[in-house]
Amino acid sequence: MSDKLKINILKKLGRITLNVNQSLPSKGITVIFGPSGSGKTSILKLLSGFMRPDSGIIQMNELWYDSKNKVNVPAYKRPIGYMFQDGRLFPHLNVLQNLEFAKKRAPKAMPLDEIISIFELESLLSEYPSVLSGGETRRVALARTVLSAPEILFLDEPLIGLDRARKRSIIPFIENLVKKFDIPCIYVTHDIEEVCRLADHVMLLSSGRVKDFGSLDEILPQLDVATLDTDTKLSSLFSGMIISQDKEFSMINVDIGGAIIKVPGVSRRYSGKKIFIRINADDISIALVPPKKISIQNCIEAMIVGISVDVQSPYALVKARFSDLEITARITRAGVKSLKLTEGKTIYMLIKSVSFDSHL
Amino acid sequence: MVEFGPLILTLKLSLVVTVLLLFIGTPLAWWLSCTRSKLKSFIEALTALPLVLPPTVLGFYLLILFNPTSPIGSFWINITGESLSFSFFGIVLASVIYSLPFMVQPLQSAFENVGFEIREAAASLRASPLDVFIKIVAPLSKRGFLTASILTFAHTLGEFGIILMVGGNIPGRTKVMSIAIYEHVETLDYNQAHILSGMLLVFSFCVLFLIYTFNRRHPLNVG
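Quick mapping for you: the protein sequence lines, in order, are chains D and Y.
Each residue of the first sequence is one higher than the one before, counting from -1 in my numbering.
Each residue of the second sequence is one higher than the one before, counting from -19 in my numbering.
Keep in mind the hints are simulated off the structure, nothing from the lab.
No experiment lies behind these values; they were computed from the predicted model shown.
For glycine and all other residues, C-beta sits at the position ideal for the given N, C-alpha and C.
It cannot be assumed that every hint is accurate.
The calculated lysine-lysine pairs, modelled on DSSO-like cross-linking and capped at a C-alpha distance of 30 Å, are [unchecked claim]: (1) 25/D to 75/D; (2) -8/Y to 43/D; (3) 102/D to 18/Y; (4) 115/Y to 101/D; (5) 106/D to 178/D.
Here are the in silico distance ranges between beta carbons for each label pair [what the hints assert, rightly or not]: (6) 50/D to 31/Y: 32 to 42 Å; (7) 183/Y to 95/D: 33 to 43 Å; (8) 24/Y to 50/D: 23 to 33 Å; (9) 15/D to 89/Y: 33 to 43 Å; (10) 95/Y to 34/D: 17 to 27 Å; (11) 108/Y to 239/D: 49 to 59 Å.
Work out the full structure: start from the sequences and follow the hints.
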């Protein structure tokens, strides 16, 4: 349908300089992930024409920006859809009028009734934005963006400020719309759960530079490093496969790199489906022998590959390897000393809790 | 006997000036609220000048400009056959200049209050700048339009110095309320001065009262 989005831009932003040279895929969701202040939102603003690069080229099918040839297509002429953090609905128009505003100006007719039903907006049509809840506002804003028939969708932290439950209720809408309308999507977030749920590709951004780019599977092992910079909890991420379900105790058995992890919960997905597992570093305890008579269900045998100690803090990070995978635990420095932990030592990692982020 | 001539002339002048300024002030205020041009401060200062200049200074320069021997004055005589100074159109022109800040400043702040965020959202839905103005910014600034129009109208209603300088005191053409009152006081006809002053006072109060009531009953953004 559409071509790749080619970006090669330079833009000075206060203390950092945004320097991005990357082609983004024309299918699926590409997540731009990085800590606050790394320039994520600025990339979207530059792509959409709300901000002007110092130099470079932006191209998708047609040239949108070219500093050498003095091309700068204004925002309203670029075939983009932009959903802002706060929704930015027009306060003097009700929900239906907000949607119609987008539909009237779209280059091709979009099915208004169908989109209203996809986003479950039937009961909100005559309401004004000031009375909508945060979740409702996001749904209307998403629907409005889709109704403008964009060739590419920019979502700028669309779920920020919502609680977990509400986030989880909106994520399926985003998954559905990308699939149903086949619009490529660039999604900015610093929430690891959204990355795991939604990303097909990930661009890791740090201080204005692309640290890495690739499919979610390729980038996943690095994500725990990236999260060190953010307020997200330090955790290790794994892609795993459901191998069986224990319906009686509502547990799912997941294979990650040969080790079996028991995850509480019931999955609607069949055995053999891929899911993402996240283990917080604080939820891991370390033992030197496999403990018996203990309520903890998950115990992984691993070999220590690194210990980082910060004398300013009571904690130490213990990085250990099992199969081909690495997992990080945070325990006290006192614990490291009393167990005489050193590199190369075999340990048993007791995992108190596991959360899983499913991805279709 | 109450003379209605000055009253009607004053209302006519205020109305014409307000309508003209809506057409002149709106694009100017819109430009000022959007531009990043270096000219902005220059134009803003120029627009605000009537706020600080004594009407006699402005009136003096306008009188010179309107003189039949000046380019503008002679041009006006050529196309209309009438002199610009001491004419109704002359005081309209003078009032438009003198009341400009009362139209432009409230409009500019109303447009700025709409915020670039909403404008960006509209642009991302493919609305051109003019479309954004007509469909989004103008409706969201309706209170600003109302305030600016009322201020302009009321300010023109009470104008004195500049009209005296440019228009003189010609019944039916330039003799507005404030000048008629001045004349009555000069000739010690306090009765007439009382009647006209009272009318202006009550009328001005009623207009302002209506505006504040309207603003309270129709708070913005609730739809």
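Practice problem: Quickly compare the C-alpha distance for residue 25/D and residue 75/D to 30 Å and report which way the hint goes. | Solution: It holds: about 22 Å lies between the C-alpha atoms, which stays within 30 Å.
Quiz item: Honestly, do residue 50/D and residue 31/Y meet the 32 to 42 Å range at C-beta?
Solution: holds, 35 Å
Exercise. Determine whether the Cβ-Cβ distance between residue 183/Y and residue 95/D falls within the hinted range of 33 to 43 Å.
Key: holds, 39 Å
Quiz item: Holds or violated: 33 to 43 Å for the Cβ distance of residue 15/D and residue 89/Y?
Solution: holds, 35 Å
Quiz item: So the hint says 17 to 27 Å: do the beta-carbon atoms of residue 95/Y and residue 34/D match that?
Solution: Roughly 22 Å apart at Cβ, these two residues keep to the hinted range, so it holds.
Quiz prompt | residue 50/D and residue 24/Y - C-beta distance against the hinted 23 to 33 Å | solution = holds, 24 Å
Exercise. Could you grab the alpha-carbon distance between residue 115/Y and residue 101/D and see if it respects the 30 Å cut-off?
Key: OK: residue 115/Y and residue 101/D at ~14 Å, within 30 Å.
Practice problem: Verify the proposed pairing of residue 106/D with residue 178/D, using a straight-line Cα cut of 30 Å. | Solution: holds, 16 Å
Quiz item: Is residue -8/Y close enough to residue 43/D, meaning Cα to Cα at most 30 Å?
Solution: violated, 50 Å
Quiz item: Do the Cβ positions of residue 108/Y and residue 239/D conform to the proposed distance bound of 49 to 59 Å?
Solution: Because 52 Å falls inside the window, the suggested range holds.
Exercise. Given the hint that residue 102/D pairs with residue 18/Y, test it: the Cα-Cα distance must not exceed 30 Å.
Key: violated, 36 Å
When each numbered hint is compared with the structure, violations occur for hints 2, 3.
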